[in-house]
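Colleague: Quick note, the sequences are listed as chains A and B, same order.
When the letters of the first sequence are read in order and numbered with my numbering, they come out as residues 1 to 164.
When the letters of the second sequence are read in order and numbered with my numbering, they come out as residues 1 to 446.
Hints were generated in silico from the structure; no laboratory data involved.
For every residue, glycine included, the Cβ atom is placed at its ideal position computed from N, Cα and C.
Be careful, since some hints might not be right.
What the hints assert, rightly or not - To be clear about the criterion: a stretch of chain B counts as covered by chain A if any three or more of its residues have a C-beta under 8 Å from a C-beta of chain A, and this derived list gives those stretches:
1) 81-90
2) 168-181
3) 329-341
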Amino acid sequence: MEAKNTIVFPAETLDLVQKIMKRYPEGKHKSAILPILHLAQAEWKWCSPEVMDYVASLLSIAPIEVYEVASFYTMFHLEPVGEHVIEYCRTGPCCLMGGVEVYDHLKKRLGIQTGETTSDGKFTIKEVECLAACGWGPVFQIREKFYMQLTAEKVDQIIDELSK
Amino acid sequence: MKILTEHIDVPGIETIDVFCKHGGYQAVEKAIKKMTPDEVTEEVKKSGLRGRGGAGFPVGMKWSFLAKPEGVPRYLVCNADESEPGTFKDHYLMWKSPHTLIEGMIVSSFALGANTSYIYVRGELMYVIHILEKAIQEAYDKGYLGKNILGSGYDLDLYIQPGGGAYICGEETALLESLEGKRGNPRIKPPFPAVKGVWQCPTVVNNVESIAATSWIINHGGEAYAAIGVGRSTGTKLISASGHIRKPGVYEIPLGITVEDFIYSDEWCGGIRDGHKLKAVVAGGSSVPILSAEMILNTVDGEKRLMTYESLSDGGFATGTMLGSGGFIVMDETTCIVHNTLTFARFYHHESCGQCSPCREGTGWMDKVIYRIEHGKGRKEDIDLLVDVAKKIEGNTICPLGDAAAWPVAAAIRHFRDEFEWHIEHPELAIQPGAVYMRPGASWAQ
């Protein structure tokens, strides 16, 4: 994470936050926690306590209400992560398509295990459950992008591309 | 016969202009201008459409349970949290043809008298959320959403809600908790969402595919829909086909074709990948019982099994399974059933919300025991232990996740007990990479 003294969304994101809060009936804006946490993670890469406190302040709710939500949903990183977080699907159908071998190759290539970040801070590997892309497995996701029908060669290409 | 995917490969179908050129939004015009909400509901009832998320509950009947107290808003929430392993049909439909869902949302919201509706999409599909949001804006711009739709006086706002990565939020009351900005812990029922749903207001939660089908039903009539299929399995179903087949992908089938046709016909899966044989199938997403090749192709009475709710469940859990979400996972003889079961057990362990102790403790216990069997450390009593744990989870939890976790383990042991025994009796062989037990005389054995 880049050093920032104050955690504040850029103006256009703040406008979007206001719009999101209006999607719900009056007084029910707590519903905006998940969409705003996604915006926050996109902005600061992970949900640090300071980031979660900021989300709570935007919604005028207690920080614990954000912590308990962020810690329930697996998409939110509660620890610092690398520049590219590779989240690979470890569930049955992807394993049938050779997922285990492909992910082993990924770990070997980056020299790290699942849950770790490369020493240059470039890559983090996480394992996730079914990504609803079973017919195109093995699959991993980096931010919003899906990488499908993975092979060892494809993994190398992707890593080469992202290492540039 | 294609209802949901007829135009899915037309270039530009994700835009409202191309979508309208292919008959899009005619159901909105018809429903809002020419029909009453009750008439729309009546057509859906007549269609026999059953919930496509997995439970198969009749959609029209679910709608008719919606409480309508004076002065209280009611809501339609679309369940697009698709997370059941093996299932990717909603992902495919929303990604390729977002307006198919949005049109259905407008028709269904009108029938229910909802003025605000939400599509709860699993957060991992953020790129699909962007596609849907663009399409929703187009629908607003054309006057199909917003105030006074088509001059009818009916108002509807439609919003997307992203999830955060939690299988449990596909359970409808967990989804509603999540929509309220909370942890996705399922609620105790009753009250059902139809009476007290999101923000304690009457709410209907329907799967993407169910809602999308309502447009065709309004255009062609409920009877025309009911004419497709067999018995109480009416209409078409999106099947997500994955695993060891020649052509994995999403297929829209008329309910009632044979399982054999679905697996082997070039129109669908195209058969097992070259040089291999069918060993087992999980027909309706990871939660439903796995069946061996013989059992999935034929019922115990020797009849060809059909792709219907009834035929797939023929024989109960002793010899049958369920259509579920239509997540059709095909395995050839290279598949180790113990390993596959481990990935499912690990999944449910990870996804249990932790509210009910039988599920919270039981899923972890099953995961641990199957892990040690798979890794050559199994004990003789472990198989019966697994059966016992599964039995003690089933039916003892607030929501169906407990059952969903117990069934795949129980079924794997019911139909492939010899494979578990082999792992325990021959750990030195079982831990070899790629080692698979071959049942003597089995149709898939080499």
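Colleague: Now look at each hint and say whether the structure bears it out.
Modeller: Outcome of the hint check:
Proximity of the region 81-90 of chain B to chain A, defined as three or more residues with a beta carbon under 8 Å from a beta carbon of that chain, is established by the 8 residues found. For the region 168-181 of chain B, the proposed coverage by chain A is satisfied: 4 residues have a C-beta within less than 8 Å of a C-beta in that chain, meeting the threshold of three. Check on the region 329-341 of chain B: 5 of its residues sit with their Cβ under 8 Å from a Cβ of chain A, so the three-residue criterion for coverage holds.
Checked against the numbered hints listed earlier, the structure breaks none of them; every hint is satisfied.
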